[in-house]
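Next come the chains, spelled out residue by residue.
2 protein chains.
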Amino acid sequence: MVVEKFHQMGVAKSRIRVLFEYGMAQAKIVGKENVFDFSIGNPSVPAPAKVADTVRELLETVDPITLHGYTPAGGCAEARESIAADLCKRTGTKIRPENIFFTCGAAPAMTSVMNALAVDGAEFVLLAPYFSEYPAYAKSTGATCVVVPPDTENFQIRFDELEKRITKNTQMVIVNSPNNPSGVIYSVETLQKLGEILTRKGEEFGHPIYIVSDEPYRELVYDGLDSAYIPAIYPNTIICYSYSKILSMPGERIGYVCVPDCCADSEAVYAAIAGAARAVGHVCAPSMWQLVVARNTELRPDLKTYDANRITLYTELTKMGFRCVKPQGAFYMMVEAPDGDSMAFSDRAKALNILTVPCDGFGCPGFTRFSTCVSPAMIQRSLPAFRKLAESYGLKAQA
Amino acid sequence: MVVEKFHQMGVAKSRIRVLFEYGMAQAKIVGKENVFDFSIGNPSVPAPAKVADTVRELLETVDPITLHGYTPAGGCAEARESIAADLCKRTGTKIRPENIFFTCGAAPAMTSVMNALAVDGAEFVLLAPYFSEYPAYAKSTGATCVVVPPDTENFQIRFDELEKRITKNTQMVIVNSPNNPSGVIYSVETLQKLGEILTRKGEEFGHPIYIVSDEPYRELVYDGLDSAYIPAIYPNTIICYSYSKILSMPGERIGYVCVPDCCADSEAVYAAIAGAARAVGHVCAPSMWQLVVARNTELRPDLKTYDANRITLYTELTKMGFRCVKPQGAFYMMVEAPDGDSMAFSDRAKALNILTVPCDGFGCPGFTRFSTCVSPAMIQRSLPAFRKLAESYGLKAQA
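Chains as they are written, first to last, in the working numbering: chain A, 1 to 399; chain B, 400 to 798.
Please note that a few of the clues may not be correct.
Stated by the list, open to error - No farther apart than 27 Å at their CA atoms in a straight line, the calculated lysine-lysine pairs in the DSS-like style are these:
#1 538/B - 139/A
#2 396/A - 319/A
#3 139/A - 201/A
#4 567/B - 5/A
#5 563/B - 412/B
#6 304/A - 326/A
#7 326/A - 350/A
#8 139/A - 164/A
#9 538/B - 563/B
#10 404/B - 5/A
#11 13/A - 28/A
#12 718/B - 795/B
#13 50/A - 449/B
#14 427/B - 749/B
#15 538/B - 567/B
#16 5/A - 412/B
#17 404/B - 139/A
#18 168/A - 404/B
#19 600/B - 563/B
#20 32/A - 304/A
#21 193/A - 168/A
Just so you know, the hints here were simulated from the structure itself, not pulled from any lab data.
The shape of chain A in the complex, shown without the other chains (with noise of 0.2 Å):
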């Protein structure tokens, strides 16, 4: 007597769960040092000293009643003043606090966003790979997923297919760069491309298709590339946004939606996001958070370690033959199986104490997705084992 789809949802473990505790389990038999676990996204910089500054001095300074009571649902007014002050200033356009949600984090943003657009017969599109949880929760909205299978050369999108997928029902693409699992950033080109197509298909369809992009690796971005602010290319565009990976807090959860007044319909759309959010019990985003995070607008992480990381993982894997992605953005860089099956890669390399998730669960088999918000130490110690598994598929050295 209970619900089929959400117990299966609750009781599914996640690949990356298993491999987890799997690794806390050889750990204890071959020794922590021995366990090259690459498959959790959790950030391995700590969050800047002044989040806990800031923490203490909000203590100090604001009425408990104030700092931990009830805000509006779509946030407090200091907040939602300067997250909006601070989006007008990177981006030169006009964003008013009352374009901005904050929600428990970028995943109740992009459920928010999906129930409020969730139409009957809506259609999802999900250009792969993809984060492995959109189904998931696309699915509960009861819209259809429509997946535009991946560009498996470049990383950008295959527009011949995107432009066959999209129909009447369309009312999303979801945008999702910097990209996990891939790490690549859609270019402007990319991007312009996207919204010219979309655009055309609204106009086609007498509806806008939105793009919703869901950024939270936004700022995590290498070789002095930048991530696109997208409604300026394509003006119905709604962001979800996340403080996880920028401060390094993702169990603190805290993030917003972005409505700005260039989206179509943006004031409705707005309010079915605040409704659809309201119906499953958010009441308000976390308070104090909202003020650490609003009081920090001017905070970046440090990225040297993720950048010197994912430069040695690049360079050290390529040089024992196998193909890697090379990720300009994000914590995660994929590896193509040399025989196409990700799944039995993995496998081989889990023998070999390497954990990895294989990106069938992202749309994009033949791949696996490395994690590189992990220690430079566990790198240097895992190369051995790497040369060991590219042997084991007879890969080539290159110079």
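Guided by the hints, dock chain B onto chain A, whose structure is given.
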């Protein structure tokens, strides 16, 4: 092209919110000290100092990657173990850490349980007066709300009306004791009788009918009264709890669901709750606050102010000739509209700058709700206005 039911929920300003905004505007005209806002249920007693002390201690002693990092979906081990141990001690029953699922407060706890149990055709029974968000939560799950009219004498349960409304589709009866809005606690006799009926009906229909006990006011009790531990009376009980009221931190969004082992199909129910939470983007409850509550299970609120307010307001209004429901817990008191029209009563009070919420939205027309989590001084200042209100209805002062 947005989902209409969510749009409606997003634009519908609650009457409480409208009153609050009216109060703010009116304060500018007549002065803040001349507006008597009894509409809002925000704790007026600050969080105990130990809350801030624990935050400071955690910032000093716990590695920030752990402190602010993802926890398992149901909560970190320390927090679940601590809560389970405390429940064992309080109830004399066996609660395991695996029975606890941390949530972002009681509201998402309730919606996750509702979603988990909203099988096709499900009916959820609400006992009036009930918390005004329940119908919105239930509706969004697809279940049908069935309302048992209020016992306006004692504010216990009208069992004759309840029995008539239990069908083969009844999945749950929601219990909220101490009650919002009545402030009344269900007696042990009431709960035993409820348990007997649900046991009998469950046998008749061949499936368990759950009590879902929403108990954020569990420790806010007066006159030496206590809240019963319902699973000891009726095993098929699921508990939703929040630290919002007990620790005066409603904005921080921390609470839990407890599915005790005695509850029928407890493992399947727990898994479905976890799945329903996952489907709407629950990743974990705020990680630092999990540890704060875990380390403060012995903390109790300073109830003196609430208790004194309750007695003052009850005594004074009763003396003026109003019929009041004597609160035994929580921080609300209901007053009957002398002519039975609670909307008109609320409007007439508003004209005297007394802000109070009609209980029509709580399933209890004819009454209005006064929050007693206000300042004692405001109550004193409001008494002349209450006298005018009493006079306007021709009420006779009692000896």
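Each hint, compared with the structure:
no., hint, in the structure
1, 538/B - 139/A, "19 Å, holds"
2, 396/A - 319/A, "9 Å, holds"
3, 139/A - 201/A, "24 Å, holds"
4, 567/B - 5/A, "22 Å, holds"
5, 563/B - 412/B, "34 Å, violated"
6, 304/A - 326/A, "17 Å, holds"
7, 326/A - 350/A, "23 Å, holds"
8, 139/A - 164/A, "21 Å, holds"
9, 538/B - 563/B, "21 Å, holds"
10, 404/B - 5/A, "22 Å, holds"
11, 13/A - 28/A, "22 Å, holds"
12, 718/B - 795/B, "9 Å, holds"
13, 50/A - 449/B, "23 Å, holds"
14, 427/B - 749/B, "15 Å, holds"
15, 538/B - 567/B, "19 Å, holds"
16, 5/A - 412/B, "33 Å, violated"
17, 404/B - 139/A, "18 Å, holds"
18, 168/A - 404/B, "22 Å, holds"
19, 600/B - 563/B, "11 Å, holds"
20, 32/A - 304/A, "25 Å, holds"
21, 193/A - 168/A, "20 Å, holds"
Taken one by one, the earlier hints fail for this structure at numbers 5 and 16, listed in ascending order.
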